[in-house]
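Build the full structure now, drawing on both the sequences and the hints.
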Amino acid sequence: MGTEYPQPQPQSRPLERHRKWRDDLVIQLRMDDVPGDRIGEILLEVETHVHETGESPEEAFGPAKEYAKERATASGFTEVDEDDPDSTRLLLIGFGSFAGAGLYASGAIALGQGLGSFLGLPAWIITLIGAALLVALLVRLPEDLVRHPTTGAPLLGTSTLGRWIVGGLLALLGVGLYLLGGRLA
Amino acid sequence: MEWTRATLAQSALAIVAAEGTTYGYQILQRLEAAGFGKVKEGTLYPIFARLEADGFIESFWGAGEGGPGRKFVSVTDAGRDEVARLGQAWTGFDAMITALWKGGTT
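Those sequence lines, one after another, are chains A and B.
One point on numbering: in the numbering used here, the residue at position 124 of the first sequence is 124, and numbering is uninterrupted.
One point on numbering: in the numbering used here, the residue at position 21 of the second sequence is 21, and numbering is uninterrupted.
Worth double-checking, as some hints may not be accurate.
Which chain B residues face chain A? A few, computed with CB under 7 Å, are given here [claimed, not checked]:
id, residue
1, A34
2, F36
3, K38
4, E41
5, A49
6, W61
7, G69
Here are some chain B residues the structure puts well away from chain A; computed CB gaps all over 12 Å [what the hints assert, rightly or not]:
id, residue
8, T4
9, A6
10, G62
11, P68
12, T91
13, M96
14, I97
15, L100
Lysine-lysine pairs mimicking BS3-like chemistry, simulated, CA-CA at most 25 Å apart [unchecked claim]:
id, chain 1, residue 1, chain 2, residue 2
16, A, K20, A, K65
17, A, K20, B, K71
18, B, K71, B, K40
19, A, K20, A, K69
20, A, K65, B, K38
21, B, K102, A, K65
No lab work stands behind these hints, which were simulated from the structure alone.
Bear in mind that the values here come from a model prediction, so they are computed numbers and not experimental data.
C-beta atoms are modelled at their ideal positions from N, C-alpha and C, and glycine is treated no differently.
Following this line, the structure appears as structure tokens:
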């Protein structure tokens, strides 16, 4: 070899004109448990071809979902198996979300009603446990961003703003439930 | 024709081995020129993924021509060995089929 290839520079995104195809591809790859950095690589392959040839991704790669499945299989990833430990993790996250939301809401309402305790514990502790569960799960939302294979830059935006928004909404919800509890008292 | 489909991955590997380092669009052009017809990029990249998983090629990203970047592939030593092995296997297969279809015996 011996040839030095320079690092790619940030460029316009050819797939912005084919968002639905791109989004269908990413969603199916996620469902097939393909890691974010691998998804970034697959996206960039498509973008490069679209840029160089002017072909649409559908013309060159076929339907997004079928191509995603083919890439997942070729790369050794498969759909989430029900017996897979990752599936158990997802179930726990789902259960934790449900439990956290229930405790948070119940605790906030109980506080608003002036109830000293709830489920045998001080209402403020119930609220705190629920909030802690929800925050912990928020923090654990996928860090597995779709990234550029060499620069590491997120290719589809970040989840940080989304987390702040969801966190803010949760806080507002808590205040609303507290006030609701006061009205129900 | 089914034969071209059956030998596509091996042919792509052979092209990478001949070029040393190349990229998808260039391989597609070489395949078309060799008689494979218009092979889609969507067919080639899964082949790359399998060849890389088997250790026959390596890939890396470099600058494209004003675009988002370009994925280059290069052959590994194992890939070169595989091409050599395929070449020998094909020679034997070709002799066998030729003898059979022309009514002779091996």
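Here is what the structure says about each hint:
Violation of the interface hint for B/A34 is found here, the shortest Cβ-Cβ separation to chain A being roughly 19 Å, above the 7 Å cut-off. Against a cut-off of 7 Å between C-beta atoms, the interface hint on B/F36 is violated, since the closest Cβ of chain A lies about 16 Å away. The interface hint given for B/K38 is violated, since its Cβ lies 11 Å from the closest Cβ of chain A, which is over the 7 Å cut-off. The closest approach between the C-beta of B/E41 and any C-beta of chain A is roughly 5 Å, which is under the 7 Å cut-off, so the hint is satisfied.
Taking 7 Å as the C-beta cut-off, the interface hint given for B/A49 holds, the closest approach to chain A being about 4 Å. A distance limit of 7 Å between C-beta atoms decides the matter here; for B/W61 the minimum to chain A is near 5 Å, and the interface restraint holds. Proximity of B/G69 to chain A holds as hinted, the smallest CB-CB distance being about 3 Å (cut-off 7 Å). Every CB of chain A lies more than 12 Å from the CB of B/T4, the least distance being 18 Å, so the non-interface label holds.
Under the 12 Å C-beta cut-off, the non-interface status given to B/A6 relative to chain A holds; the minimum distance is some 17 Å. At the 12 Å boundary, the C-beta of B/G62 falls inside the reach of chain A, the nearest C-beta of that chain being 3 Å off. With a closest Cβ-Cβ approach of about 5 Å to chain A, B/P68 is found to fall inside the 12 Å limit, against its non-interface label. Residue placement check: B/T91 keeps its beta carbon more than 12 Å from all beta carbons of chain A (closest about 29 Å).
Listed as outside the interface, B/M96 is consistent with that label: its C-beta sits roughly 31 Å from the nearest C-beta of chain A, beyond the 12 Å cut-off. Taking the minimum C-beta to C-beta distance to chain A, about 29 Å, the non-interface status of B/I97 holds against the 12 Å cut. At the 12 Å boundary, the C-beta of B/L100 stays outside the reach of chain A, the nearest C-beta of that chain being 34 Å off. Taking the CA atoms of A/K20 and A/K65, the gap is near 11 Å; set against the 25 Å cutoff, the hint holds.
A hinted pair counts as satisfied when its Cα atoms are at most 25 Å apart, and A/K20 with B/K71 qualifies at roughly 24 Å. Straight-line distance between C-alpha atoms of B/K71 and B/K40 comes to about 16 Å, which keeps the hinted pair within the 25 Å bound. For the given pair, A/K20 sits about 17 Å from A/K69 by alpha-carbon distance, which is consistent with the 25 Å threshold. Between A/K65 and B/K38, the direct Cα distance comes to roughly 22 Å. Compliance with the 25 Å bound is thereby established for this hinted pair.
For the proposed pair B/K102 and A/K65, the alpha carbon gap of about 45 Å is over 25 Å, so the pair is violated.
In the structure shown, a violation is registered for the earlier hints numbered 1, 2, 3, 10, 11, 21, in ascending order.
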